[in-house]
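Protein chains: 2
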Amino acid sequence: MWLFFGFGGLCRLRKHGSNCPQLAGELKYFCNASVIYEFAGHRGCDTARVNDYGLSYFDDYVLGSTYECGSVSIDQASIIAFAKEFDPQPFHVDPVAAAAGPYGGLIASGWHTAALVMRLLVENYLAAESSLGSAGLDELRWPHPVRPGDTLRVRATVVESRRSLSKPDRGIVKTVVEAASQDGTTVMRAAAINFMLVRPDAGA
Amino acid sequence: MWLFFGFGGLCRLRKHGSNCPQLAGELKYFCNASVIYEFAGHRGCDTARVNDYGLSYFDDYVLGSTYECGSVSIDQASIIAFAKEFDPQPFHVDPVAAAAGPYGGLIASGWHTAALVMRLLVENYLAAESSLGSAGLDELRWPHPVRPGDTLRVRATVVESRRSLSKPDRGIVKTVVEAASQDGTTVMRAAAINFMLVRPDAGA
Numbered sequence: 001m002w003l004f005f006g007f008g009g010l011c012r013l014r015k016h017g018s019n020c021p022q023l024a025g026e027l028k029y030f031c032n033a034s035v036i037y038e039f040a041g042h043r044g045c046d047t048a049r050v051n052d053y054g055l056s057y058f059d060d061y062v063l064g065s066t067y068e069c070g071s072v073s074i075d076q077a078s079i080i081a082f083a084k085e086f087d088p089q090p091f092h093v094d095p096v097a098a099a100a101g102p103y104g105g106l107i108a109s110g111w112h113t114a115a116l117v118m119r120l121l122v123e124n125y126l127a128a129e130s131s132l133g134s135a136g137l138d139e140l141r142w143p144h145p146v147r148p149g150d151t152l153r154v155r156a157t158v159v160e161s162r163r164s165l166s167k168p169d170r171g172i173v174k175t176v177v178e179a180a181s182q183d184g185t186t187v188m189r190a191a192a193i194n195f196m197l198v199r200p201d202a203g204a
Numbered sequence: 001m002w003l004f005f006g007f008g009g010l011c012r013l014r015k016h017g018s019n020c021p022q023l024a025g026e027l028k029y030f031c032n033a034s035v036i037y038e039f040a041g042h043r044g045c046d047t048a049r050v051n052d053y054g055l056s057y058f059d060d061y062v063l064g065s066t067y068e069c070g071s072v073s074i075d076q077a078s079i080i081a082f083a084k085e086f087d088p089q090p091f092h093v094d095p096v097a098a099a100a101g102p103y104g105g106l107i108a109s110g111w112h113t114a115a116l117v118m119r120l121l122v123e124n125y126l127a128a129e130s131s132l133g134s135a136g137l138d139e140l141r142w143p144h145p146v147r148p149g150d151t152l153r154v155r156a157t158v159v160e161s162r163r164s165l166s167k168p169d170r171g172i173v174k175t176v177v178e179a180a181s182q183d184g185t186t187v188m189r190a191a192a193i194n195f196m197l198v199r200p201d202a203g204a
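If you read the protein sequences in the order shown, they are chains A and B. Last residue of the first sequence: 204 in the working numbering, with the numbers rising by one and none dropped. Last residue of the second sequence: 204 in the working numbering, with the numbers rising by one and none dropped.
To be clear, the hints were calculated from the coordinates, so they are not data collected in a lab. Just so you know, not all the hints are guaranteed correct.
Which copy is meant is left open, because identical chains are indistinguishable; a pair holds if it fits in one copy or across any two.
As the list claims (entries may be wrong) - In silico SDA-like links for lysine to any residue, alpha-carbon gap of 25 Å or less:
1. K167 to A100
2. K174 to R141
3. K84 to R147
4. K174 to I193
5. K174 to T186
6. K167 to A81
7. K167 to P200
8. K84 to G149
9. K84 to P148
10. K84 to D183
11. K174 to G101
12. K167 to R189
13. K174 to D138
14. K84 to A97
15. K167 to G149
16. K174 to A191
17. K167 to A99
18. K167 to S56
19. K84 to G64
20. K84 to G101
21. K84 to V159
22. K174 to S164
23. K174 to F195
24. K84 to S56
25. K174 to E139
26. K84 to E129
27. K167 to S73
28. K167 to T186
29. K167 to R147
30. K174 to L197
Isolated chain A (complex conformation):
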């Protein structure tokens, strides 16, 4: 389900759920005064090029800025499917064993949570035209379990932003990423390190 609502003067396009909506194929060009949202017709929103905040290049990631990156719900079937492929521990794949286990029920693999969070960052925070990938994370924590039916809200805050000394065409952005469940409980926290191209006309 997609919800449209105003946010800080920009028309926000927010995605709820992890699957690309059928609607996306029809939203070829959806624009307002300052941002063009472009969606390719094939494979839903896979190639969305400009995020809602107009974050395009390194220069746009201003120290201290916080961005709400939307939300995603997680259900039991997807928890089990992911974990059977990548993290087949009893409390991720077997509802009966999980009920008698340390969490009193099925919980999502932390890697599943991280992957869902990443999806929202790609859609709402990382600029496709300048993202050069990630060196990794300085910290990754799962302080509370994620359970079937939870809806996670993701927020990204720029905590470090500096030009590369060795490669002047890029900068390093460090981001604290937080995911909270519907009751406000933090379920994931990470400090990610990303490389981004500087704006071509920004000079060396």
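Fit chain B to the given chain A structure using the hints.
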């Protein structure tokens, strides 16, 4: 494909590739003098209970010990499929765009690499009978890209091992996890924090 070969006096059962082999369903009980390998017949190796090294409880994770955790190959189709769901950046999902991009070709999402590594840890290192999940990681790095056709070898080293002060039934194991490609290049490094039950007869 499964390969059997001797290793330090133990018969090693090593998995190559990320999918559970059909063979696994037939290996109901495979044992030697010191270790029992048990595989449930349904859903391949999802419910393997005892890992190759006989790591069962916190007490078995000895500081400084290193464990080879097998290997996994990654192909272009799986790289694209994972990334389309979780990390749809051009250099993960679009071979043409990737060829012109910063890596000169398609590379795997770091989260895909991490998930594949996790699978090998669950199968070869984390004890199903005592694993209580993970608090997270102190560090996660992807120093070199993973490309289609790469085969990653995973190694786990216990770098910290201490009993919990507040919950005497468990201990905290910190593990440095390293994944290297076929030419020895490190493609992932992590410091994971896991909670494990102490052996029931070990006392408080």
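- Message: Please sort K167 with P200 into within, between, both or neither, judging by C-alpha distance up to 25 Å.
- Response: Only inside one copy: K167 and P200 sit 14 Å apart there, 55 Å across copies, limit 25 Å.
- Query: From the Cα coordinates, with 25 Å as the cut-off, is the pair K167 and G149 best called within, between, both, or neither?
  - Reply: Intra 44 Å, inter 29 Å, cutoff 25 Å: neither.
- Go through the copies and call it for K84 and G101: within, between, both or neither, with a Cα cutoff of 25 Å. Intra 17 Å, inter 33 Å, cutoff 25 Å: intra-copy only.
- Message: At most 25 Å between alpha carbons: which applies to K174 and E139, within, between, both or neither?
- Response: For K174 and E139, both the intra-copy (11 Å) and inter-copy (14 Å) Cα distances are at most 25 Å.
- Please work out whether the CA atoms of K174 and R141 approach to 25 Å or closer within one copy, between two copies, in both situations, or in neither? both (16 Å within a copy, 14 Å between copies)
- Can you tell me if K167 and A100 fall within 25 Å by alpha carbon in one copy, between copies, both or neither? Classified as between: cross-chain Cα gap 19 Å, same-chain 53 Å, threshold 25 Å.
- Could you figure out if K167 and A99 sit no more than 25 Å apart (CA to CA) within one copy, between two copies, both or neither? between (52 Å within a copy, 21 Å between copies)
- From the Cα coordinates, with 25 Å as the cut-off, is the pair K84 and E129 best called within, between, both, or neither? between (34 Å within a copy, 17 Å between copies)
- Can you tell me if K84 and A97 fall within 25 Å by alpha carbon in one copy, between copies, both or neither? For K84 and A97, only the intra-copy Cα distance (14 Å) is at most 25 Å; the inter-copy one is 31 Å.
- Query: For the identical chains here, do K84 and P148 meet the 25 Å Cα criterion within one copy, between copies, both, or neither?
  - Reply: Intra 15 Å, inter 22 Å, cutoff 25 Å: intra and inter.
- Message: My question is about K84 and R147: at a cut-off of 25 Å on alpha-carbon distance, are they close within one copy, between copies, both, or neither?
- Response: both (16 Å within a copy, 23 Å between copies)
- Query: Between copies, within a copy, both or neither: which fits K174 and S164 at Cα up to 25 Å?
  - Reply: Answer is within; shortest intra-copy Cα gap is 13 Å, inter-copy 32 Å.
When each numbered hint is compared with the structure, violations occur for hints 6, 10, 15, 19, 21, 27.
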